[in-house]
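Student: Chain B: place on chain A using the hints.
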Amino acid sequence: MHQTLVLRNGRVVDPSQGIDRIDDVLVRDGLVVAIGPAETGTDETIDATGLIVAPGLVDMHVHLREPGREEDETIETGTRAALAGGFTSVACIPNTEPPIDTQATVEFIHQKAMRADTCNVFVVGCVSRNREGKELADIGQLVEAGAVAFSDDGAPVYDAELMRRALEYCGMFDKPILAHEEVLELSRGGVMNEGLVSLMLGLAGMPAAAEDVMIGRDTVLAESTGGRLHVMHVSTAGGVGLVRMAKARGVRVTAEACPHHFTLTDETLRGFDSNYKMSPPLRTAADVEAIIAGIVDGTIDCIATDHAPHSPEKKMLELDRAPFGIIGLETAVGLSVTRLVATGRISWPRLIEAMSTLPSRILGINRGTLRPGSVADITLIDPERSWQVDAKSFCSKSVNSPFDRWTLRGRAVATIVAGRVKYRLT
Amino acid sequence: MSHTHFEPETVPPGWSHRHLLDLERLSPEEIRLLLDTASRFKEATGGCRQKLSVLAGRTIVNLFFENSTRTRTSFSLAARRLGADVIDFSASGSSLSKGESFIDTAKNLEAMGIDAVVVRHSTPGTPHLLAQRLDVGVINAGDGPHEHPTQGLLDIFSIRERLGNLTGITVGLVGDIAHSRTARSNLWGLVKLGAKVILCGPPTLVSPRWRELGVEVSHNLDAIVPRCDVLNLLRIQFERQNTRPFPSVREYAHLYAMNKERLKRAKKDLLILAPGPINRGVEVTADVADCPQSLILNQVTNGLAVRMGVLWLTCGPRGRAAGVDVSSRLPSVGRVA
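Chains A and B, in that order, give the protein sequences.
The opening residue of the first sequence carries number 142 in this note's numbering; numbering runs sequentially from there.
The opening residue of the second sequence carries number 931 in this note's numbering; numbering runs sequentially from there.
No lab work stands behind these hints, which were simulated from the structure alone.
No experiment lies behind these values; they were computed from the predicted model shown.
Glycine included, every Cβ here is placed at the ideal spot set by N, Cα and C.
Each statement offered as a hint is correct.
Here's a subset of chain B near chain A, in silico, CB distances under 10 Å, partners left out:
#1 Glu954
#2 Phe1032
#3 Ser1052
#4 Pro1054
#5 Thr1056
#6 Gln1062
#7 Asp1073
#8 Glu1077
#9 Ala1108
#10 Ser1110
#11 Arg1111
#12 Arg1114
#13 Arg1139
#14 Thr1173
In isolation and in its complexed conformation, chain A is listed as follows (with noise of 0.2 Å):
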């Protein structure tokens, strides 16, 4: 007995196909049969008229926080807000406790992700092993575990040597290093961007330039390596002209944005606000603006979340002591088509292209396509609902978002994997 799913009369954009038009998707035992008209007496019929049908969006930087930080989130609740916020898959970041460094917690979270029955996560392992920046991971049985990057974020690799053996060891597999990019001796001690707005405040800086300095030399050793880079949360307009720089001498790097930091400025933090507090951190307005542009031309390949659950209780600490990060997984659609498409610096195909195809290309996973016979996970966006942000009614378990109360345009109203509708905005 077959189960069909017709996705009625919505715009379709899929940009690893270049369609853009109105359409039908028919789907049957969780496969994409068909982009175009679909008879009726299928099992299911959604209305999309009015909606954007993308394939399902991929957030690939997530902090489930699970195993080892249950009260800020686990992976069931992660993977819910991820959802609820449109996206059909995740990739989870392994700066858990333990870190994943061994197929045994690869294979951990993939249980825990079944039991859910979510949507996909996808595992990042650790560069080094137990995450330390001493040596390298096991990473040749990770990737059989089924990791499909490696990174050390929340740190960067620290030892320029053992990032070029990373770079070159991964290249093996085919397999990109997502790195967080920051000389840790000029950002010590630092909450915020170093500029005007920090020497008013008084607080401690951490300068553009330690974000750029590594981004620049893990550009270089990807050019000598071979290695394939992918540049975590670029925050500064240099961090952008060095992955730009680097592309345009045929360099193996890709690049992410994060919402907040295309949206948000240093000055926001004049509320001494911990749900400013990230790392890297809200830069100047200029940084914003040249973020921006890079996901116009492409430097910045994808958007991603940074999604990082901190409980109540610790950011309510004093600036200083409350620990960097905010959630986005129910935020970034909104932020996205706020910000970008409904400015006109973006197409819709591009959006999708950021938030489906490429990340899915990165990270080499048989998503981000509605071409027949792939996995029929599909997010179907309303491209005009105004709506507020409520921190109360996300279902992340921490509500660390500096957005709440926002009204912002555009949203994911239905989540489809593997054909199943996994979630409906009611």
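Tutor: Just chain B, lined up with the frame of chain A:
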């Protein structure tokens, strides 16, 4: 000693704040009102020696998360001179060392029925966060390198007492601007009252970016000394520095200490301030610290006057006409770029 009578019943209508968090967000009129009020209290108490009862029945807590002797003593004495009860609460030996958060600590004190907290903390913005979460007045007694509004006010009070008016005078703030809350409070207060401010020190302590606020930045003390009417010599805050911003104390003193040689090239009536505690031989040599132009000890008395003014305006009873601003005047939502 005879002095003018000043025992006000209600806070003047020009003042609407329950908190004093920083000088950056005050208007010039509000700063003048603070200074005038301090001045009247100084007269009315015979130079801050006698006691009034205008805050009788009020309880003020000194909530010090960071060590201090002189500021805490000055606040305590000022509160007692106005008739308030004062409780000292310092972080060491309290439940803070047992892991309680600063907000819970403050909430506990609030529940005891106090009227205001005088807060010192090593982290910028902590008084601001308390002001948002507590229902009592919050007075910032120094938040890390951010602001120390009563210190700024007392420095300005001391200058104004000598010179009458600040408009057009040139004030050099010399030294560790990067880590100095006193510098920031002085900067805002002075600029708002029409003075010209020069920040002076090595680029590792005095960022050229301060120019974006319209103040002058100099790295050469010898070049600016002859132009200054006032020099405020700020302490090098060794304890707040991550990396040493200059090669040695000896080299720093060579380039930036105010000494007899430099004093010779200054205007004859140059005023010298130092917020203390001073490092003799680093920012200022002993002979200059004790010279007649030095206001260092006047600053201490004026500190009392200023703190009386601040406590009265923030904790005193409101007249019927005066609206009370309960917000801490912080942006509640982030600004979009």
